[in-house]
Amino acid sequence: MAAPKTRAKVDAVIVGLGWSGSLMAEELTRAGLRVVAVERGKWRDTATDVPPSVDMDELRWDRRRGMMQPQAVETVTFRNTPTQKALPVREWNCFQFGWNVGGAGTHWAGMTWRFNPWDFEVGTRVRQRYGTRETTPGLQLQDWGITYDEIEPFYDRFEKIAGTSGTAGMVGGQKRPGGNPFEGNRTAEFPTPALKDSRWMSMFRKTTAEMGYSPFTIPAGNISTAYTNPLGVRMGPCTYCGYCEMFGCGNWSKSSPQACILPALTRRDNFEVISETEVLRVNLAADGKTATGVTMIDAKGNLWEQPADIVVISAYQIDNVRLMLLSGIGTPYDYKSGMGTIGRGYAYQTISGASLFFENERFNPFIGGGALGVQIDDWNADNFDHSGLGFIGGAGIMGFSTGGRPIGMADAVPQGTPRWGSAWKRAYRDNYQNAATIFNQGTSFAHRDVFVDLDPAYKDRHGQALLRVTFDYNENDRRMAKFTMDKAAEIGRKVGAKHIETFNSAAGANTPYDQRSTHTTGGAIIGADPATSALNRFNQSWDVHNVFVMGASSFPNNGGYNPTATVGALALHSAKAIIERYVDERKPLVAA
Amino acid sequence: MSWLRRYRIAIGAVLIVCAGVLVVLLMRNGDTSADMVADDTAKAADKAQLDPKAIERGRAVAVAADCAACHTRPGGGRAYAGGYTLQTPFGDILSSNITPDRATGIGDWTERDFFRAVRHGRSPRHMLYPAMPYPSYVRISDADMHDMWSYFRSLPAASGDTGGTRLGFPFNVRELMLGWNLLFFRNDAPARAGEVNRGQYLVDVLGHCGACHTAKNALGGDSGYLGGGTLQDWHAPALHNGMQHGLGSWSDADIVAYLKTGSNAHSIAAGPMAEAVEHSTQYMPDADLRAMAAYLKKLPGPAETKPQPVAANDPAMVRGARVYVTACSGCHAPGGTGIAGMATRLADNPAIRAPDTASLTHVLMTGSRAAATDANPTAAGMPGFAWKLSDADAAAVLTYVRNTWGNAAPAVSAGDVAKARRALKARKPM
Numbered sequence: 001m002a003a004p005k006t007r008a009k010v011d012a013v014i015v016g017l018g019w020s021g022s023l024m025a026e027e028l029t030r031a032g033l034r035v036v037a038v039e040r041g042k043w044r045d046t047a048t049d050v051p052p053s054v055d056m057d058e059l060r061w062d063r064r065r066g067m068m069q070p071q072a073v074e075t076v077t078f079r080n081t082p083t084q085k086a087l088p089v090r091e092w093n094c095f096q097f098g099w100n101v102g103g104a105g106t107h108w109a110g111m112t113w114r115f116n117p118w119d120f121e122v123g124t125r126v127r128q129r130y131g132t133r134e135t136t137p138g139l140q141l142q143d144w145g146i147t148y149d150e151i152e153p154f155y156d157r158f159e160k161i162a163g164t165s166g167t168a169g170m171v172g173g174q175k176r177p178g179g180n181p182f183e184g185n186r187t188a189e190f191p192t193p194a195l196k197d198s199r200w201m202s203m204f205r206k207t208t209a210e211m212g213y214s215p216f217t218i219p220a221g222n223i224s225t226a227y228t229n230p231l232g233v234r235m236g237p238c239t240y241c242g243y244c245e246m247f248g249c250g251n252w253s254k255s256s257p258q259a260c261i262l263p264a265l266t267r268r269d270n271f272e273v274i275s276e277t278e279v280l281r282v283n284l285a286a287d288g289k290t291a292t293g294v295t296m297i298d299a300k301g302n303l304w305e306q307p308a309d310i311v312v313i314s315a316y317q318i319d320n321v322r323l324m325l326l327s328g329i330g331t332p333y334d335y336k337s338g339m340g341t342i343g344r345g346y347a348y349q350t351i352s353g354a355s356l357f358f359e360n361e362r363f364n365p366f367i368g369g370g371a372l373g374v375q376i377d378d379w380n381a382d383n384f385d386h387s388g389l390g391f392i393g394g395a396g397i398m399g400f401s402t403g404g405r406p407i408g409m410a411d412a413v414p415q416g417t418p419r420w421g422s423a424w425k426r427a428y429r430d431n432y433q434n435a436a437t438i439f440n441q442g443t444s445f446a447h448r449d450v451f452v453d454l455d456p457a458y459k460d461r462h463g464q465a466l467l468r469v470t471f472d473y474n475e476n477d478r479r480m481a482k483f484t485m486d487k488a489a490e491i492g493r494k495v496g497a498k499h500i501e502t503f504n505s506a507a508g509a510n511t512p513y514d515q516r517s518t519h520t521t522g523g524a525i526i527g528a529d530p531a532t533s534a535l536n537r538f539n540q541s542w543d544v545h546n547v548f549v550m551g552a553s554s555f556p557n558n559g560g561y562n563p564t565a566t567v568g569a570l571a572l573h574s575a576k577a578i579i580e581r582y583v584d585e586r587k588p589l590v591a592a
Numbered sequence: 001m002s003w004l005r006r007y008r009i010a011i012g013a014v015l016i017v018c019a020g021v022l023v024v025l026l027m028r029n030g031d032t033s034a035d036m037v038a039d040d041t042a043k044a045a046d047k048a049q050l051d052p053k054a055i056e057r058g059r060a061v062a063v064a065a066d067c068a069a070c071h072t073r074p075g076g077g078r079a080y081a082g083g084y085t086l087q088t089p090f091g092d093i094l095s096s097n098i099t100p101d102r103a104t105g106i107g108d109w110t111e112r113d114f115f116r117a118v119r120h121g122r123s124p125r126h127m128l129y130p131a132m133p134y135p136s137y138v139r140i141s142d143a144d145m146h147d148m149w150s151y152f153r154s155l156p157a158a159s160g161d162t163g164g165t166r167l168g169f170p171f172n173v174r175e176l177m178l179g180w181n182l183l184f185f186r187n188d189a190p191a192r193a194g195e196v197n198r199g200q201y202l203v204d205v206l207g208h209c210g211a212c213h214t215a216k217n218a219l220g221g222d223s224g225y226l227g228g229g230t231l232q233d234w235h236a237p238a239l240h241n242g243m244q245h246g247l248g249s250w251s252d253a254d255i256v257a258y259l260k261t262g263s264n265a266h267s268i269a270a271g272p273m274a275e276a277v278e279h280s281t282q283y284m285p286d287a288d289l290r291a292m293a294a295y296l297k298k299l300p301g302p303a304e305t306k307p308q309p310v311a312a313n314d315p316a317m318v319r320g321a322r323v324y325v326t327a328c329s330g331c332h333a334p335g336g337t338g339i340a341g342m343a344t345r346l347a348d349n350p351a352i353r354a355p356d357t358a359s360l361t362h363v364l365m366t367g368s369r370a371a372a373t374d375a376n377p378t379a380a381g382m383p384g385f386a387w388k389l390s391d392a393d394a395a396a397v398l399t400y401v402r403n404t405w406g407n408a409a410p411a412v413s414a415g416d417v418a419k420a421r422r423a424l425k426a427r428k429p430m
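First to last, the sequence lines map onto chains Z and P. FYI, UniProt numbering numbers position 466 of the first sequence as 466, with every residue one higher than the one before it. FYI, UniProt numbering numbers position 203 of the second sequence as 203, with every residue one higher than the one before it.
Calculated from the structure, these hints are not laboratory results. Accuracy of the hints is not assured; some may be wrong.
[Claimed, not checked] Computed list of chain P residues with no C-beta within reach of chain Z, every gap over 12 Å: (1) L167; (2) A327; (3) T373.
[Said to hold, decoys possible] Partner residues aside, some chain Z positions facing chain P, computed with beta carbon under 8 Å: (4) P230; (5) G232; (6) G236; (7) P263; (8) K494.
[Claimed, not checked] In silico SDA-like pairs for lysine to any residue, Cα to Cα no more than 25 Å straight-line: (9) P/K298 - P/D348; (10) Z/K42 - P/K216; (11) Z/K587 - Z/D529; (12) Z/K9 - P/R78; (13) Z/K160 - P/K428; (14) P/K388 - Z/M56; (15) Z/K196 - P/G335; (16) P/K428 - Z/I407; (17) P/K388 - Z/K9; (18) Z/K494 - Z/K587; (19) P/K388 - Z/D49; (20) P/K425 - Z/T239; (21) P/K425 - Z/T48; (22) Z/K9 - P/T305; (23) P/K388 - Z/D430; (24) P/K297 - P/T230; (25) Z/K42 - P/G76; (26) P/K428 - Z/V54; (27) Z/K196 - P/G330; (28) P/K216 - P/G335; (29) P/K260 - Z/L231; (30) Z/K196 - P/G76; (31) P/K260 - Z/T266; (32) Z/K160 - P/A340; (33) P/K388 - Z/T239; (34) P/K388 - Z/D57; (35) P/K388 - Z/V54; (36) Z/K9 - P/G76.
Every residue gets a Cβ at the ideal spot worked out from N, C-alpha and C, and that includes glycine.
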């Protein structure tokens, strides 16, 4: 292969232009830095790629994962325990890599959660309240090095950029009716009001309120009204079409880099995006203490070097860790010794719940939204006393109306229904208007035996090692899932379902082909201690100080929520530190 | 002397007088002595100390005159290097390179050459077609011309296009413009400071709004000042203060917002107007936009009687309502109110009632993109519906929006849509 051609040096190169990369680029270019963003996928534009005149094609986008990066480009290998041999994942289910400018922010569902304040300080708070009484061996419970109150202004900024719809539960220290009473304090209400209830949501809301819980509308990036964000970019009101997750939104209603940031960002002369180009590695200076830029390969196979003073890795959770390992940034985690940090703290999402079947209902499930739902947080985080339960954490329990897609709903029939033929058709017809789901989105905690590292056998098309995921649910998370599953079943009985089928992803061994959640986290986590975290509280590498790593890879534990708003808030928090401190200081922003 | 001979002499004398008169008229019409104020020695590409203030002023003049609209090829063309194809009813005209490149641009031009080309349509190479709006630019003040010359001299030279044509005979004979000018070119003197109202100067001279917004007759001459015109398959609506078709319902602030941001509560710029906003008006000073608005708001509107809307139970209206709900209401809203700055408000909108439906059929068939401006960068797009709507469905939905929510205008026929579909080379419905 020919030697790489060298491009003009810039202030910052951003690897991956999804939510984190776009937010970072917006901040850095507004501060006057010259920024080049490199994106592996292609340019994808609301008006041209997903126009509202074209009916949403469920087969293409959802079933065939039309927007995802193909496995031929890169996949992961997977195993449950460190003693097994990992095999490549050959079909996207729980792993969903974005494959376009906008990243996974283009095809996400839109649930725009803030984590609970407890999630950021799990280590301290668990020790204080329970000591070691409720925890199982091997859990790696540690604080993030940043508290909810410190990250709050950046959540607020992210929501204002995204136009998030919702009802606040706590503003300026005052509880608000209709909001989540367990949420951390907010500086302001949501930018746009909450979405309206579907029939199923109003039933779930009424029943859970009668049970003494506190239901509230899920904060949504499928926004309820027309909105102009602080960048001057406009969004349109959601039409409740129900084609959000796996799809691009043609109505400018779903928060995404395309809908919220790129129109303003791409007007700036100091910003450049190179699409369909893959970064192979971050190049380090001879002493290994700083990065000099990145080496990348374009669609024609030409190698390029992009020198930069700052390297921002925002390539998605899996690829962030992989790129660090491939580039020799930091020390790989060793589960036997517990030493090393890159690959440590991998976590997922622990899902359980109940499928409900009613009679003579008319849910009209085609009225939907990716984030359209009602939730109770009464059994989430540390909102209840775990004494004697043998686990920590919990789950947000939601009644959602994410859509009534014809193929997806074909499975929404009671167990035992024939898989085809007239009996199946009858069941599908009868249950389309009568099926509903209670979904528990549970916490997931890091464990000594769960990690990611480079696979010794499998390589990608460029001959670089794939990332190997070693994951199974730990005992803590299994207990939590069972506990909250029973709560979901109880709500199902109270709300009048005629038939209830509970589900619990954590009942058996985890498989990447169980797509209950796509939320993989950790592997390059933030923290206060360089011995147990890859990044400091500003998402800055402890080892290579001009490398900043964005994304859910930096979560030391996963909350009972979708990750996007926290990903966005961390990126904005990091950007502020880069602009206000790093560009002058050029050194670690936290002393090791 | 026979009667025949006397007759011949008389005819000859008349012809000589006529020819003499014609020569005088041609000389007066082609008189470029106003351009003598410009220097005729230094060439554009010659090294020179240029006054940065003059360059900056000249840049603003070039912006207000929207030179980039034609002289910069959209989609990545070098700034002012030409190569943009203007479609006229007579054929295609390519814009020329106006950077100081000696081979293909204006590098070998003197300032006087530049003045004569801009104000009188006479470039050193050949006579220009009035696609270059010299009939408007003829009144550009000497000061503005001097500044603009400095600006164009300051640009980096780029190799580009000398400005060819794809015109059939006889239109490819540039000397025909002598006659055209005689008929339609008013060789007015340049505006002098304080002489012309600033708003009118911007609208008529630099902005050359009439190039699109004034209808053209069969020979391409003006017909009905700013009363609306149709060019390149787009209808530029009337800018007078008529309530049915003009700007009667727009306030001064509405006009300023539209020119600054590309949209206002009534409308969203699309097609060539989106380009005008993107390249030109969004960058103009607010004071200039206010002056343009003040001038336009003083233009009297014709006495128009509002027609009776097509009855709601008319079969086309019933059909159109159905199409509207399924295809349009997601963005334009069930009540036709649209989304501010993104999807045009259809309700009570003069542009929707336009007498010429070229823009309506154009947008519906091929879609359109809102102007992207610093103030409203979103540039929301409407997808084309050519592939989806039959001629009858498209006509019905246009008839419906033209006769609902306070609108009343003649129905659109399936034939109108079919004609537009052909002209635009739009897809046939699936």
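Hint check results:
no., hint, in the structure
1, L167, "holds, 33 Å"
2, A327, "violated, 7 Å"
3, T373, "violated, 9 Å"
4, P230, "violated, 12 Å"
5, G232, "holds, 6 Å"
6, G236, "holds, 5 Å"
7, P263, "holds, 4 Å"
8, K494, "violated, 37 Å"
9, P/K298 - P/D348, "holds, 22 Å"
10, Z/K42 - P/K216, "violated, 44 Å"
11, Z/K587 - Z/D529, "holds, 17 Å"
12, Z/K9 - P/R78, "holds, 24 Å"
13, Z/K160 - P/K428, "violated, 43 Å"
14, P/K388 - Z/M56, "holds, 14 Å"
15, Z/K196 - P/G335, "holds, 19 Å"
16, P/K428 - Z/I407, "violated, 30 Å"
17, P/K388 - Z/K9, "violated, 48 Å"
18, Z/K494 - Z/K587, "violated, 58 Å"
19, P/K388 - Z/D49, "holds, 16 Å"
20, P/K425 - Z/T239, "violated, 32 Å"
21, P/K425 - Z/T48, "holds, 19 Å"
22, Z/K9 - P/T305, "violated, 65 Å"
23, P/K388 - Z/D430, "violated, 32 Å"
24, P/K297 - P/T230, "holds, 22 Å"
25, Z/K42 - P/G76, "holds, 19 Å"
26, P/K428 - Z/V54, "holds, 15 Å"
27, Z/K196 - P/G330, "holds, 17 Å"
28, P/K216 - P/G335, "violated, 36 Å"
29, P/K260 - Z/L231, "holds, 17 Å"
30, Z/K196 - P/G76, "violated, 44 Å"
31, P/K260 - Z/T266, "holds, 19 Å"
32, Z/K160 - P/A340, "holds, 18 Å"
33, P/K388 - Z/T239, "holds, 20 Å"
34, P/K388 - Z/D57, "holds, 15 Å"
35, P/K388 - Z/V54, "holds, 9 Å"
36, Z/K9 - P/G76, "holds, 23 Å"
Consistency with the previously given hints fails for numbers 2, 3, 4, 8, 10, 13, 16, 17, 18, 20, 22, 23, 28, 30, ordered from lowest to highest.
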